[in-house]
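If you're matching them up, the sequences are chains A and B in order.
For the first sequence, this note's numbering gives the first residue as 1, with consecutive numbering after it.
For the second sequence, this note's numbering gives the first residue as 1001, with consecutive numbering after it.
The set of hints was computed from the structure by calculation and includes no laboratory data.
Don't take every hint at face value.
Stated by the list, open to error - Simulated coverage check for chain A against chain B, where a stretch passes if three residues somewhere in it have a Cβ under 8 Å from a Cβ of chain B:
(1) 152 to 159
(2) 187 to 197
(3) 268 to 274
Stated by the list, open to error - Partner residues are not named here, just some residues of chain B that face chain A (Cβ under 10 Å, in silico):
(4) K1190
(5) S1193
(6) G1242
(7) T1257
(8) D1259
(9) T1391
(10) E1392
(11) K1394
Since we're looking at a predicted model, the values are computed, not measured.
Virtual Cβ for every residue (Gly too), placed ideally from N, Cα, C.
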Amino acid sequence: MSTDTSRAAVPSRTAARRASSLLTSKPWLRLTLLLTAPLTWLVLVYVVALAALLVTALWSVDSFTGEITRSLTFDNIKEIATESLYRTVTLRTIGVAAAVTIIDIAIALPIAFYMAKIASRRMQRVLVIAVLTPLWASYLVKAFAWRSVLSDDGIFEWASSKIGMGTPGYGITAVIITQAYIWLPYVILPIFAGLERVPNSLLDASGDLGASAWQTLRTVVFPLLKPAIIAGSIFSFSLTLGDYITVNIVGGANQMLGNLVYTNVGAANNLPLAAAVALIPIVIMIGYLTAVRRTGALENL
Amino acid sequence: MRRTTHRRRALGALLASSALVALAACGGSDSGSAAEVPTKLGKMEGKVSILAWPGYVEDGSNDPKVDWVTAFEKETKCEVTSKTYGTSDEAFNLAKTGDYDVVVSSGDLTARMVASKEAVEVNTDLIPNYEKVFDFLKDQEWNTFDGKHYGVPHGYGANLLMYNEDEVSPAPTSWSAVFEPEEMAKYKGKITSYDSPIYIADAALYLMKHSPELGIKNPYALDDKQFAATIDLLKEQRKNVGEYWSDYLKEISAFETGDSVIGTTWQVIVNSIDTKKTKVKAVLPEEGATGWSDTWMISSQAKSPNCAYAWLNYIDSPQANAQATEYFGEAPNSKEACDFASDPGFCDSYKAGDEDFASKLWYWRTPVAECLDGRTDVECKDYSEWTKAWTEIKG
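If we strip away everything but chain A, and leave its shape as in the complex, we get (with noise of 0.2 Å):
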């Protein structure tokens, strides 16, 4: 490219003319200098650095002098496959992430119908910029108000007491409503996109040939809906399971994955322990994408 390109910068338009025959009449030259530089970014910012993350994890530090030592071990893998305390954080990270993600679908399908199929056109844009209002906030804002929210003076207890219930206070319950607010907008979107393509014609049909409102939902909306439920369920599911401020913020004494990489990075000065838990949300993602894929759900991102 760069014997192209300086030849070209010189102002001769025989030069740029020689340069232009040559990419019409070389296919793959084209291709290759289209390429180049998006297929090295890919390939460095998620390649390399993944590769980078799982090599990171076979090594150790000495604890001595604070020094990575560059010789390949198991210990980090072995230590968190058996050590209790990451199966009981992993799972209770799971936990959360199920949580959220349900919440998130159970909430977002009656909105995602109303936007697509019941709100005019006029109402349909307003929902949309409501629904993305919320993104133009800091998350740290967002996860802050949570806090203030379920405090045991707050506007939560304060309602919630006129019921005879009160704040549930900081710990997993407040920390999966306030994941379920804060990642709500991203499982809408692609819901009431999908329904968008749900055409109106086939409802009418439904309708016609007898099928109540839950007959036609259950066997024509939900099965054509499906790899759209999917596709916002990752997103919810994976930005929950890497999360550690909002723990920080509202999950009063408990931890999740992100906050064990966290204080392997900043506290322990332990880069490959904090490396080999990461690779834990990443088997588990690997997972669910693998499980999903079938359902032709990533085609729906």
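Dock chain B against chain A, hints included.
Okay, now just chain B, sitting in the frame of chain A:
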């Protein structure tokens, strides 16, 4: 400062995570050359680069009223560049890059700096203001190694026991309020603790006073049996803890809203809590407490040693020291500094110079395998094991 702390923490997290994927490509450069201890100062180099806790090197860019760097620059013609860090471990990694002439280190970092030859011996004769520093801060095991001074004291503070006066009665006088099961039960879910492995020392200090059969002599030197007992105590405490804090703003809000009513604290937090919302009080319990004492060190890779000496002298001057310690919220390093504080009650509220108070403090140290209390027949738990245990305690 509140906002910058957050931003810096977020940035730190970002850097840390990107460092994780990029993986430490370059190892620490080894600087084995033992620098000669200078006996007189040369020409100022015109610039100095400083690595410090947030709020230690303020040039007015965070708050125009908070500025003690400009005066230094005018006086010495050394232009200051500074970088802040969030934990001692982060500081250690940054110091190893050799980009900094001066590093301020807490007691859990200094030993590591000296052992890895990142810090050099400092000739205190070249620092006239060193004389004014409280005697009980000098020649301590976290700033003097083998009889050599590796820096000058900055300030110190204690991890106190804070409680909500309306909710907690009778007023606690002992750490038993947060370590004894029957006392903790009264405030279950409203107890808060400092979120760092170094907090293990707080529990060890409690056992040192209440379980003499364990024979703990120094809360930073724990053998297997002592360590296990300490961890058990903390796991018991965990059941009653509402939340752990490391961000001091989080603790302020938790006490103001009543989500926490008792737990460890710093003086700066006590001063920051809105008394209209919550009446809090902090005490130094009868067992004493852990604390920190910071030291200004000069890097072995310093490119501007003369400016570095000038900075050490300047920041130890009563006026600059008063500004810096008052801004951060800790006791200054000299009696004279009290006169320069903007708040006349400053030294009283931080108990500066109160030797009785200071003698009850166990300053943060780095736990190492070679026991800090001098025992040679056993091996102590080092900091990496403390860190591992800490994640286990939180579960």
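Now the hints, each set against the structure:
no., hint, verdict
1, 152 to 159, "holds (count 3)"
2, 187 to 197, "violated (count 0)"
3, 268 to 274, "holds (count 5)"
4, K1190, "holds, 8 Å"
5, S1193, "holds, 8 Å"
6, G1242, "holds, 6 Å"
7, T1257, "holds, 4 Å"
8, D1259, "holds, 5 Å"
9, T1391, "holds, 6 Å"
10, E1392, "holds, 5 Å"
11, K1394, "holds, 5 Å"
Violated hint: 2 only; the structure is consistent with all others.
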